[in-house]
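Based on these hints, arrange chains B and C on the given structure of chain A.
Protein chains in written order, with the working numbering: chain A, 1 to 295; chain B, 1 to 262; chain C, 1 to 335.
Simulated from the structure, these hints should not be mistaken for laboratory data. A hint or two may mislead.
[As the list claims (entries may be wrong)] Which residues of chain B face chain C? A partial, calculated answer using Cβ under 8 Å: (1) Glu45; (2) Gly155; (3) Gln187; (4) Gln189; (5) Leu191; (6) His210; (7) Glu213; (8) Leu214; (9) Leu240; (10) Glu250; (11) Ala255.
[Stated by the list, open to error] If you want a taste of the chain B side facing chain A, the calculated C-beta under 8 Å gives, among others: (12) Arg87; (13) Asp96; (14) Arg104.
Ideal placement from N, C-alpha and C gives every residue a C-beta, glycine not left out.
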Amino acid sequence: MPEQVPPTEKLPPPGRSYWGDAWSRLARNRLALISLWVLVGITLFCVVGPWLRGYGFNDQDYARVFADPSGAFPFGTDDLGRDQMVRIMVGGRVSLGIGLTATAVTLIIGVLYGAVAGYAGGRLGALMMRLVDVLYAMPFTIFVIMLLTFFGRNMWLLFVAIGAVEWLTMARMVYGQVRSLKERDFVLAARMLGQPWYRIVWRHLLPNVLGVIVVYATLTVPSVILLESFLSFLGLGVQAPRPSWGSLIKFGADQMTTSPHLLIIPALFFSVTLFCLNFLGDGLRDALDPQSRRD
Amino acid sequence: MPDPRLRIEDLRVTFPARAGRAPVEALKGVSVEAYPGEVLGIVGESGSGKSTLARSVLHLQAIDGGRIWLDDTEWSTLVPAALRRQRHAVQMVFQDPHASLNPRLTIRETLAEALRCRPQRPRGKAARQEIEGWLDRVGLPKDAAQRYPHEFSGGQRQRIAIARALIPQPQVVVADEPVSALDVSIQAQILNLLESLRQELDLTFVFITHDLELVGYWADRVAVMRRGEVVEQGDAEAVLQRPQHAYTQELLASAADKRVRY
Amino acid sequence: MPLLDVQGLTTRFAMRGETVHAVEDVSFVLEEGEVLGVVGESGSGKSVMASSLLRLLPMPPAQIAAGQALLQTESGPLDLLQLSEREIRRVRGREIGMIFQDPMTSLNPYLRLSTQLTEGLRRHYGLSKRAAIEQAIEALERVGISDAAKRIHSHPHEFSGGMRQRVMIAMMLLLQPRLLIADEPTTALDVTVQRQILDQLGALCRDARTAVLLITHDLGVVAQRCHRVMVMYAGQVMEIGPSQVICEAPRHPYTQALLRARPSASLRGQPLYALPGNPPDLREPPVGDPLLLRPGVTGGDRWRTERPPLEQVGAGHWVRASEAVLPAWEEVRDA
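Next up, chain A with everything else stripped away, as it sits in the complex (with noise of 0.2 Å):
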């Protein structure tokens, strides 16, 4: 019998990767991209702001208490006639830091460990996830609450304790995600191939949780900030006189009657944000979805 060759099939010219594909998907997710440019400039006037400013976040002078907006300070001033301008651009670089990197520790520690106990399974994976049930039925607000009246009000404090709430909701994702995927033909075919698990989890699982491990970091991000300004609003976030988005709104709250402004540009800027947080992690979610991908 003689040797038989297949035919050899053309292909058309090669497509996009997974991720070339999501990213034109989102850039033609208007909202999702506006919420994008408005993010990085909120993030550049915060971050950059106060050094062009010229004026300390606590700078005093008090023959300008209570200012209105005026040119020289286009958000008027405070009861120490501090310069509301650069207190929302410092205020803006707490409340976006802790969001960011309360998200960072939520993603280190949530992903990492919902992975392993998804991919152990069985016995350990169940109990690692009794482990985070039991967590999860703490009354955290009120841990939060007494881990700072305890200790402090120590800024890395609020960090770690934040991280501590919101790590377990990942957790869990990556759990639920990942169990399903092990038991996908592309992974049992890793391990026919004797691929060792680490190899595995980081290689063939974790790739393919990633797209929802990304849309949920955008969505913890506020969640992370509301959290941070909530417990300023109770009067336990970040020490004064530094401040944070959430301990201005507070404090122009108190001022709503006299001086409107100072509850409203904060505010503003606050919603603004948690907006474009909201709108960017749908586009996210839309842009990986596998289930919208042609195949």
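For chains B and C alone, kept in the frame of chain A given last:
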């Protein structure tokens, strides 16, 4: 008759009881053997245990009793270190070509992983040539290597999956419904490819399917499974022409119902 | 007058600035009590064609660019493609029944079967709850579900895939639609179950005079179960005619290739006839004979730049003209 390449003796697998459900005996003492260079067809419907059998042979499923031999090695009891060294000897082609390739890896990365499984693995340029050689062998152009799975059709993906299974240089290939997710004309392409590779590389196939026409076409011997047991086994032509067991007869009648005379 | 008369159905998808020509100018008729099999490979447009008739496609991106589909009803002929959303919803379920590969697409997981099976009876025929349940139990028994009086109170997930498909058929028995569109109803099932389901479908169309549009990739199902067959490729009808004639003496080279590719015990030891390549990319629809785009196919220059017409070659047997010459067996094997 030569010694069997793959010998399965009294294989038992039980899935433990789960929330309110009794334990399931997926395999209740299955014995089959596959001789060098032959295609052993395993026929059965869903729940017959045929896929559990495949997974057991691949060490993807822990067994509760019985033995699996590969030539003179007791395959089922290999310690992890020995298994790592010999794992390449048994490989698998899966049913669903859309699920069997990692969507985030290029074809080159997927095939390179298979190459690592070989006892003496080629590196650098030799590895590159080996991968391109295999792409050509399964009928795909060289530039397929840098692409991602979603750029290929089902049939093309199955060719890639076949390359991945054969790159480790296995002796036994378990093919679990390798063509049932494909269109008729693509099925024919893949079956021809599998057959030509079998001849060229003297492979032993364990061919799992629900389709008796396919078994009649390709398998040398056949084992009919039902509810975790082999109800009939023997020479494929004999079993299909003179089925002894009532269940085999029922299967054949259902299949005859779909025969086309052309 | 035929029960269903489809003329020039054309469906396109507009995606990312590209147009996918999924169904091109498909015409056929279906008589009462007749089973018409629609065969084709994936991407042939067979499922899109069915969904177009049922108006189940998301629009956009889908767009029914042309055609009409007249269904005879008691109140006269209706053009399915022109009905309003509300009207088509009334037609689906009452005049047209649907069975899909995955029965769970049509069964509500949260409702008991008793509710789902009787809903239509009570709404369309105004039966009392008790009478409707009695009829439903009888229907379940007819499709071979034992202990129906008890099991009618279960939820869909308590049934296996084959059982759910039987439940769907029981639902069709109850509603007695004039037309049943079944899209790969047995593909996911075991062969022994497939046979029973097809038997029941056949009985339904014999007893209730229901016309069935049976969409399948399985030529075996077509040969044994359908009165007539329509072979689709690249969104177009390649051949349509009595199933016995087409399965034994196919005229179009594509139908021939399809039939020759089937493995069977009688071909043991020989390579299968595997037409090389893949079906065409419908983003750039073939202008002429779509078969000419497959590698290895020669000749056929007559229809390279012009779409070949359907020609009548026998009683009720139409074939799209083609001068394509399939590659020889040896070439396909050794190419």
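query: Against chain C, is Ala255(B) within 8 Å by beta-carbon distance?
result: Since chain C brings a Cβ to about 6 Å from Ala255(B), closer than 8 Å, the hint holds.
task: Under 8 Å, Cβ to Cβ, is where Gln189(B) needs to be relative to chain C, so tell me if that hint holds or is violated.
output: holds (4 Å)
message: Would the hint on Glu250(B) be counted as holding, given a Cβ-Cβ threshold of 8 Å to chain C?
response: This hint holds: Glu250(B) lies near chain C, its Cβ roughly 6 Å from the closest one there, short of 8 Å.
query: Against chain C, is Glu45(B) within 8 Å by beta-carbon distance?
result: holds (4 Å)
- prompt: Holds or violated: is there a CB of chain C closer than 8 Å to the CB of Leu240(B)?
  reply: holds (6 Å)
- prompt: Does the nearest C-beta of chain C fall within a distance shorter than 8 Å of the C-beta of Leu214(B)?
  reply: holds (5 Å)
message: His210(B) was flagged as interface toward chain C. Is the shortest Cβ-Cβ separation under 8 Å?
response: For His210(B), the interface hint holds, since the closest Cβ of chain C sits about 6 Å away, which is under 8 Å.
query: Taking the closest Cβ pair, is Gln187(B) under 8 Å from chain C?
result: holds (7 Å)
Interface hint compliance - Glu213(B) to chain C, C-beta minimum distance less than 8 Å: holds (5 Å)
- prompt: Hey, does the Gly155(B) contact hint survive, CB to chain C under 8 Å?
  reply: holds (7 Å)
- prompt: Is the hint on Arg87(B) kept, meaning its closest Cβ partner in chain A is under 8 Å away?
  reply: holds (4 Å)
query: Quick one, is the Leu191(B) hint okay against chain C at 8 Å, beta carbons?
result: holds (6 Å)
Checked against the numbered hints above, the structure breaks none of them.
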